[in-house]
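Asks: Each chain, written out:
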Amino acid sequence: MQITAKNIAQLIDGVVVGDPSAPISGPSKIEDGQPGTITFLANPKYKEYIYTTKASVVLVSSDFTPEKEINATLIKVENVYACLAILMEKFNSSLSIKSEIASTAVIDPTAIIKENVAIDDFVIIKPHVKIGQNTKIFGQVFIGDRVEIGQDVIIYPGVKIYHNCKIGDRCIIHANTVIGSDGFGFAKDDQGNFKKIPQTGNVVLENDVEIGSNTVIDRASMGSTIIKEGAKLDNLIQIAHNVTVGKNTAIAAQTGVAGSTTIGNECLIGGQVGMAGHISIADGALIQAQSGLASSIKEVNSKLYGSPAIEYQTYLKSYAYFKKLPEIVHQLRLIQSQIDNLKSNQ
Amino acid sequence: MQITAKNIAQLIDGVVVGDPSAPISGPSKIEDGQPGTITFLANPKYKEYIYTTKASVVLVSSDFTPEKEINATLIKVENVYACLAILMEKFNSSLSIKSEIASTAVIDPTAIIKENVAIDDFVIIKPHVKIGQNTKIFGQVFIGDRVEIGQDVIIYPGVKIYHNCKIGDRCIIHANTVIGSDGFGFAKDDQGNFKKIPQTGNVVLENDVEIGSNTVIDRASMGSTIIKEGAKLDNLIQIAHNVTVGKNTAIAAQTGVAGSTTIGNECLIGGQVGMAGHISIADGALIQAQSGLASSIKEVNSKLYGSPAIEYQTYLKSYAYFKKLPEIVHQLRLIQSQIDNLKSNQ
Amino acid sequence: MQITAKNIAQLIDGVVVGDPSAPISGPSKIEDGQPGTITFLANPKYKEYIYTTKASVVLVSSDFTPEKEINATLIKVENVYACLAILMEKFNSSLSIKSEIASTAVIDPTAIIKENVAIDDFVIIKPHVKIGQNTKIFGQVFIGDRVEIGQDVIIYPGVKIYHNCKIGDRCIIHANTVIGSDGFGFAKDDQGNFKKIPQTGNVVLENDVEIGSNTVIDRASMGSTIIKEGAKLDNLIQIAHNVTVGKNTAIAAQTGVAGSTTIGNECLIGGQVGMAGHISIADGALIQAQSGLASSIKEVNSKLYGSPAIEYQTYLKSYAYFKKLPEIVHQLRLIQSQIDNLKSNQ
Numbered sequence: 001m002q003i004t005a006k007n008i009a010q011l012i013d014g015v016v017v018g019d020p021s022a023p024i025s026g027p028s029k030i031e032d033g034q035p036g037t038i039t040f041l042a043n044p045k046y047k048e049y050i051y052t053t054k055a056s057v058v059l060v061s062s063d064f065t066p067e068k069e070i071n072a073t074l075i076k077v078e079n080v081y082a083c084l085a086i087l088m089e090k091f092n093s094s095l096s097i098k099s100e101i102a103s104t105a106v107i108d109p110t111a112i113i114k115e116n117v118a119i120d121d122f123v124i125i126k127p128h129v130k131i132g133q134n135t136k137i138f139g140q141v142f143i144g145d146r147v148e149i150g151q152d153v154i155i156y157p158g159v160k161i162y163h164n165c166k167i168g169d170r171c172i173i174h175a176n177t178v179i180g181s182d183g184f185g186f187a188k189d190d191q192g193n194f195k196k197i198p199q200t201g202n203v204v205l206e207n208d209v210e211i212g213s214n215t216v217i218d219r220a221s222m223g224s225t226i227i228k229e230g231a232k233l234d235n236l237i238q239i240a241h242n243v244t245v246g247k248n249t250a251i252a253a254q255t256g257v258a259g260s261t262t263i264g265n266e267c268l269i270g271g272q273v274g275m276a277g278h279i280s281i282a283d284g285a286l287i288q289a290q291s292g293l294a295s296s297i298k299e300v301n302s303k304l305y306g307s308p309a310i311e312y313q314t315y316l317k318s319y320a321y322f323k324k325l326p327e328i329v330h331q332l333r334l335i336q337s338q339i340d341n342l343k344s345n346q
Numbered sequence: 001m002q003i004t005a006k007n008i009a010q011l012i013d014g015v016v017v018g019d020p021s022a023p024i025s026g027p028s029k030i031e032d033g034q035p036g037t038i039t040f041l042a043n044p045k046y047k048e049y050i051y052t053t054k055a056s057v058v059l060v061s062s063d064f065t066p067e068k069e070i071n072a073t074l075i076k077v078e079n080v081y082a083c084l085a086i087l088m089e090k091f092n093s094s095l096s097i098k099s100e101i102a103s104t105a106v107i108d109p110t111a112i113i114k115e116n117v118a119i120d121d122f123v124i125i126k127p128h129v130k131i132g133q134n135t136k137i138f139g140q141v142f143i144g145d146r147v148e149i150g151q152d153v154i155i156y157p158g159v160k161i162y163h164n165c166k167i168g169d170r171c172i173i174h175a176n177t178v179i180g181s182d183g184f185g186f187a188k189d190d191q192g193n194f195k196k197i198p199q200t201g202n203v204v205l206e207n208d209v210e211i212g213s214n215t216v217i218d219r220a221s222m223g224s225t226i227i228k229e230g231a232k233l234d235n236l237i238q239i240a241h242n243v244t245v246g247k248n249t250a251i252a253a254q255t256g257v258a259g260s261t262t263i264g265n266e267c268l269i270g271g272q273v274g275m276a277g278h279i280s281i282a283d284g285a286l287i288q289a290q291s292g293l294a295s296s297i298k299e300v301n302s303k304l305y306g307s308p309a310i311e312y313q314t315y316l317k318s319y320a321y322f323k324k325l326p327e328i329v330h331q332l333r334l335i336q337s338q339i340d341n342l343k344s345n346q
Numbered sequence: 001m002q003i004t005a006k007n008i009a010q011l012i013d014g015v016v017v018g019d020p021s022a023p024i025s026g027p028s029k030i031e032d033g034q035p036g037t038i039t040f041l042a043n044p045k046y047k048e049y050i051y052t053t054k055a056s057v058v059l060v061s062s063d064f065t066p067e068k069e070i071n072a073t074l075i076k077v078e079n080v081y082a083c084l085a086i087l088m089e090k091f092n093s094s095l096s097i098k099s100e101i102a103s104t105a106v107i108d109p110t111a112i113i114k115e116n117v118a119i120d121d122f123v124i125i126k127p128h129v130k131i132g133q134n135t136k137i138f139g140q141v142f143i144g145d146r147v148e149i150g151q152d153v154i155i156y157p158g159v160k161i162y163h164n165c166k167i168g169d170r171c172i173i174h175a176n177t178v179i180g181s182d183g184f185g186f187a188k189d190d191q192g193n194f195k196k197i198p199q200t201g202n203v204v205l206e207n208d209v210e211i212g213s214n215t216v217i218d219r220a221s222m223g224s225t226i227i228k229e230g231a232k233l234d235n236l237i238q239i240a241h242n243v244t245v246g247k248n249t250a251i252a253a254q255t256g257v258a259g260s261t262t263i264g265n266e267c268l269i270g271g272q273v274g275m276a277g278h279i280s281i282a283d284g285a286l287i288q289a290q291s292g293l294a295s296s297i298k299e300v301n302s303k304l305y306g307s308p309a310i311e312y313q314t315y316l317k318s319y320a321y322f323k324k325l326p327e328i329v330h331q332l333r334l335i336q337s338q339i340d341n342l343k344s345n346q
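Residue numbers (the numbering used here), protein chains in the order written: chain A, 1 to 346; chain B, 1 to 346; chain C, 1 to 346.
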């Protein structure tokens, strides 16, 4: 694919500043951009690179004003990231499988599979499964009894989906993720041994949900564990039984959410965050990485940090003094000796 | 399955308060209970729902006394969770495979497989493996050389068990968990490069152990990594080489235990806890989520929190003052100025 | 295999103190050593065991001087761990597959596979893959389009490698690890919905890299996510898009590194550490387990702890006072009352 700066600008409704005929064969990063590629400037941290990058074209925000000369051609747009997404899709050469059913797949005859579905080698599809049109299922995936999968879904290699779970349209699930394993529920019997509490519910992923690799979403003990429309979960995340993750909420890698907790819509949860069970987090919460949430957050758009998490700025201020604790204690001793002096002088 | 409140009460030795003929077709959660279902009240947080739930029957503790009118029929029992476990099993419709060996499984002829074993599609069983009766092995599982698996075991899809490991009777291992991969052991050679220390031991799961999804238990460098009888491990847990987890100990998701550490019996370990290597934790320890254990815990039934972890209440008290550090420092300044005043007045 | 202390000493250039004909059939741990085995003393914590161990032979440092009588034969060497590694390899009986291609593997005819490669059952190899000589690929592995794998590589069961990734010579990748899944990149569109930013780059593992089980290394959005020569990553680690991990750096389990961060050479990163995105860590850093790195580390050989991480000793000192905060606040009150006294006495 060989296109020009002008072609790109038309595609994303941008304004060219420089050579509209600059040729572009693919994307690159601004700090190691190559001639013939397009790059972008979105994070101000990378501003300096725009003056030295070898990339031929740079996507910038419409309010960007250069402070010195720039060799590259610029394309100015309203939303750099959104335009970048459109561009990258142009250059994307993703993992692909043919829209056919591999002869090695083992598919129960009661499964209902719509047109144009791709099923790769060594996939197992159990009885009464339903799969919508244009869905792609990569190799070595396991789909349990009565699972329902929507249309235009992509399920990457090695994913395991337990019985009765439901996957909405346009969902993407990355490799080796597990959907619908048993929640962690036990009761001690009279002899003090754990007895398993059967987990009879399921997992529901609504439309446009994306889940990373090696993540686990446990089935509800009763009812459903629900990941709502448009939510995005990164790799190695733990979602316990009966959790609800709100619409358009994004959760970074290695975060864990304990049982029956409800996370609101439009939240941004950092990596390695832990949330206690049976709490609820109001819409728009911004949780700093490694925080621990022990109780419910009632105010919308809260910004939190720490374990247990408190208001973000309060944590930073307290932590600044935490680092000075040896000094503070030293001061305390000085004060006491001054008092002792004053006393003896009285 | 259609049974009545009276049937249920007989099954779990409970006392009916209300309509003994109330019909029950399945379980539900108290906050979204449906007519014709049975629910339960165990966590006091949910007490309010008992007055509004639409569920026909509610399982309650024998010491429960209603504060206002309740529409549902009650069944009073000694231990709500234990009775619930019995009930849920009644309603359980789990992932199932036939007690036969799939034609696509690749099983070495030297493997010894007892009667009534189910082996699903694309399972690999290496030489000299032994599998006890009634055990179920789901699709795409890998069982390495000389692995021994007991009876009535369930191994969910995609589990990988390396050579020489031993799995006791009635164990359950959830999807994509790895048992017996190499411990993380390296020594620097003269050129400063890491040289791998071979990991020649194995992993032993004793009877009645349950392991969640995407968990990893590494083989011992020498000897065995041991998970003792009745221990329960959640999802995404890291157990390093030569660790021992005690009898009936439960570990929540995303906790990591470094090499050669020994955890006692009957411990409850929260999620995202980290434990240093070469330490030992006395029986009955209660470790709060996200704690970090840097040294051994010698006292039984210790309750700990923090990183490094300290006594639970002490951590909470100290953390309460941590949040007030800016205020404390401000007070310190006020005190100093008072002293300065006193001095100048002397 | 039956060899003597003398044979072993010759192999590792050690000096025998005791019976050179002591027979050795395998390795054991010093605290539960059995007659006829060889064990070692490297960690001083275990020193006491050398006087009671039943092992026939103990590997010790050349500067070790016994404080009382020892029954075992000693072999004195310069570097105990390095010699142990050589010995363990002698006794190692690892997971093995034949150097042949299983009839059940599905290999695209365009793949180029060199001599003496082992490919186990149910492996999927997509178009234009290249695999070097002597490489072993265990069962149920997925190798995406155009992946290049070096020679003498071991890929354990269930590993999934997405398209275009590159694996160097002598790399080892443990079970169910995912290499090259999409980085976590989304931009909000005008309706406030997340739009996926295509991840067009790849992952490069240089030579002699070892990766644990259930770890995830995401592909770069553009360019490469790079794990440099000799680096060792443990289980359940998250490496985000465009990260670089330096040469001979070791990372313990459950650590997560956010996007575009660069870790230097020869760093030792503890378990459950979190690193923010777009930062860089200088060579030789020593990061304590559970730390959180929020900003770049510029000084080489830094030792850090805490979240956000600060200098190691400073953290320990501050934490020592953190534990005494209730006491410090009490002292503050006493001081105030003394001042009040002084004031009223003036």
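Check each hint, because a few of them may be wrong.
Chain copies aren't distinguished; within one or between two, either way the pair holds.
To be verified - In silico lysine-lysine, DSS-like type, Cα no more than 27 Å apart, as pairs:
no., residue 1, residue 2
1, Lys-188, Lys-90
2, Lys-303, Lys-45
3, Lys-195, Lys-98
4, Lys-90, Lys-323
5, Lys-47, Lys-136
6, Lys-98, Lys-130
7, Lys-68, Lys-324
8, Lys-188, Lys-76
9, Lys-298, Lys-114
10, Lys-76, Lys-196
11, Lys-114, Lys-136
Because the hints were derived from the structure by calculation, they are not lab data.
Asks: If a hint holds in the structure, say so; if it does not, say that too.
Replies: Each hint, compared with the structure:
1. Lys-188 <-> Lys-90: between (57 Å within a copy, 18 Å between copies)
2. Lys-303 <-> Lys-45: both (23 Å within a copy, 26 Å between copies)
3. Lys-195 <-> Lys-98: For Lys-195 and Lys-98, only the inter-copy Cα distance (25 Å) is at most 27 Å; the intra-copy one is 46 Å.
4. Lys-90 <-> Lys-323: Cα proximity of Lys-90 and Lys-323: none, with 49 Å in one copy and 50 Å across.
5. Lys-47 <-> Lys-136: neither (40 Å within a copy, 46 Å between copies)
6. Lys-98 <-> Lys-130: For Lys-98 and Lys-130, both the intra-copy (19 Å) and inter-copy (21 Å) Cα distances are at most 27 Å.
7. Lys-68 <-> Lys-324: Intra 42 Å, inter 47 Å, cutoff 27 Å: neither.
8. Lys-188 <-> Lys-76: Close across copies (18 Å), not inside one copy (64 Å); limit 27 Å.
9. Lys-298 <-> Lys-114: neither (44 Å within a copy, 56 Å between copies)
10. Lys-76 <-> Lys-196: Between. Shortest inter-copy distance 21 Å satisfies the 27 Å Cα cut-off; intra-copy 59 Å does not.
11. Lys-114 <-> Lys-136: within (11 Å within a copy, 31 Å between copies)
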